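Novice: Quick mapping for you: the protein sequence lines, in order, are chains F and X.
Read in order, the letters of the first sequence are residues 25 to 609 in our numbering.
Read in order, the letters of the second sequence are residues 1348 to 1439 in our numbering.
None of these hints come from the bench; they were simulated from the model.
It is possible that part of the hints are untrue.
To be verified - Cβ-to-Cβ under 7 Å is the rule here; a few derived chain X residues that face chain F:
| id | residue |
| --- | --- |
| 1 | A1355 |
| 2 | A1359 |
| 3 | L1375 |
| 4 | R1387 |
| 5 | T1389 |
| 6 | A1392 |
| 7 | L1393 |
| 8 | G1394 |
| 9 | R1396 |
| 10 | G1403 |
| 11 | Q1419 |
To be verified - Not the full set, but computed from the structure, chain X residues with beta-carbon under 10 Å of chain F:
| id | residue |
| --- | --- |
| 12 | A1358 |
| 13 | G1362 |
| 14 | L1433 |
In this text, all values refer to a predicted model and were calculated from it rather than measured experimentally.
Glycine included, each C-beta is placed from N, C-alpha and C at the ideal position.
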Amino acid sequence: MNYDKVDPALAAAFDSFKREGRAALASHVGVVGVVSVERTARPPRVVVFVDCDDDGDGLAGLEDREVTLNAGEGRIRTGIVSLDSLERLSEQESVRRIVPARPLRLHMDEASAKTNLPAFRNGTGLSGQGVVVGIVDSGIESTHEAFVGRILRVWDQTLPGPGVAEGAYGAELTGDLLQVSQDKVGHGTHVAGIAAGADETYGGVAPGAELVVVKTDLLDAHVADGVRYVFRVASELGRPAVVNLSLGGQSDAHDGTDPMSGVIDAEVGPGRIVCCSAGNEGVDNIHAQVEVGQDRSRRLSCSMSTWSTGAPAPVAILNGWYGGGDEMAVAVVSPSGAQTPFQPTFADESPVRTYSLPEGSIRVTTPGPDPANGDHNFLVEILPAPTQSVGAAESKPGSWGLRLRGDHVTTAGRVDVWSVDPTVAQFTGRAVKDSLKVGSPGVASKAVTVASYTTRVQWVDVMGHPHEAGLELDDISDFSSEGPRRDGAEKPDVTAPGAMIVSSMSVHSGVPLDWLIDDRNTIKAGTSMASPFVAGLVALLLERDPSLDPDGVKSMLRAACAVPGQAAGSFDPKWGYGLVDAGKL
Amino acid sequence: MEWGKLDAALAAALGDRRKGGAIPLTVLIELADDVPELARDTLGALGVRGELPQEGCSARLSADQVAMLSDQPWVRRLRLATTLRLHSDHPP
């Protein structure tokens, strides 16, 4: 026996069996998944997880009456093996680790208990039955037991096909064809499981609801088409619907006037609700704010990530907004101090100018006011040039500057700028503001926008290894993005469990071993996980009252929320109106 | 080209010949209140079908098609579709 590969609890059961026979296994049944303990016709067997080489070489030839491995992909396989054959399995070169399946307790995950969801559902009998939950995301693992028989349709926008009424692209799938669409990211499957998965241990909030899924290419215009699609399908079925959007960006005006938010506000109504995640930029310096006076200039500093040649060049995109009554000019300063000319607004000609500085090329776009809100928007794109260093060509590190000059300032001259991709560029210095980080579609006026609360920080992975997340337990998740909107409107709306959440896993996705809980579930964190929790709650509320509109839903949720340490009904830009208590719905 | 109808991101994309020339852009077309029948034919030729919601419809357009649409009185605004990110897998 190669004991290095065998989980200690399984090794203990094996040794007991070898020393004392079948009767000795009784004391191990509660710890490892041993079966056939009492039957004499078959040898005692144990349900196991087998961690094998990526290609599983050698496992196929191993299978016989004593060793059965289930079909699957990836490193972790499930199966059942007789204790007599455990030694043979452990000595296979392609096998890295053998871990017994452990009997689980029948309980709801931490998130449900900490929001009084079981009491609410038990008291009302609600399960989301008769309600459509729309998931516009990376797709869904349609064969997962948590969704069996409840996925009505999938619109896969990434497949070739004639499309649907909302867009002539992608393919609509039903019935057996649902499997044609695969969730290779795993995000959508996890999100769907939180909202509406059926699982005795890690079940979702509304396990009686039915699902309409859009596997999106993540273009905001197509996400908007996906929202319309879900509501149209639900309308044809005569059912209320809630759509979950666990996605977003920083390219918009941050005031709810962008087209994606416009579509949401136009589509929602009685029996039609949209829930959005607030975003995960709470600890990222993606927002800077300055006030620029008449004939004065202010500088914003921005650090860029380094990169090596061979990788795609990272373009830092800075998205700036200021009042329509003002006129600002924009310049860029390179790390060595070289500067572009100040570029004013160009309303009636191409507003795009490109510049070359020693450390990179710059494109500045300064159009006239945006008619949606009357404000000025400017874009600055910085493509750093590679410079030689030891061993490899790398971008030159250093601080880039964005200079703003007040040419005609009639107000306070406030300018807000966002880095569209925090992995490429973040602001530094005094202008950094931990506010206004909720982007579209979370800024949509009529969406229910959800921040993340941490209900779990420790877990044990499928191989029995303990893990701990660097988050504060029973508190707002530090990564959760802060509001309010640029126009001062309140966002996010509410807070719900978003870390660390166990939910459904797609077998087509590559899940890090540390995050794998068992053969069906994985653990994730993000406001992506908080939003579907509220979407599930909304499904329960729509089952009770199918005519609820966004204002009604928000009003009910606010009344059931509280920010710890603050008076009831208080708004906080990190928490919204606070953690939802389902027991008060 | 009526530049005043383009948002900053679309203007910037068209300013880049590599993007604005050969590669079609996914564009959100916002329509004016009064849309003539002719507009439906024009949009249909660009792949837009079905209802024309006022808050916008999307199409894959070349730089020349963007320029053509920007000159139409029934087009209010043209915006570049942006790629969103999924809000999870934040390293704890």
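Novice: Of the hints stated earlier, which fail here?
Specialist: Numbers 4, 5, 6, 7 and 11 - these are the hints that the structure violates, sorted from lowest upward.
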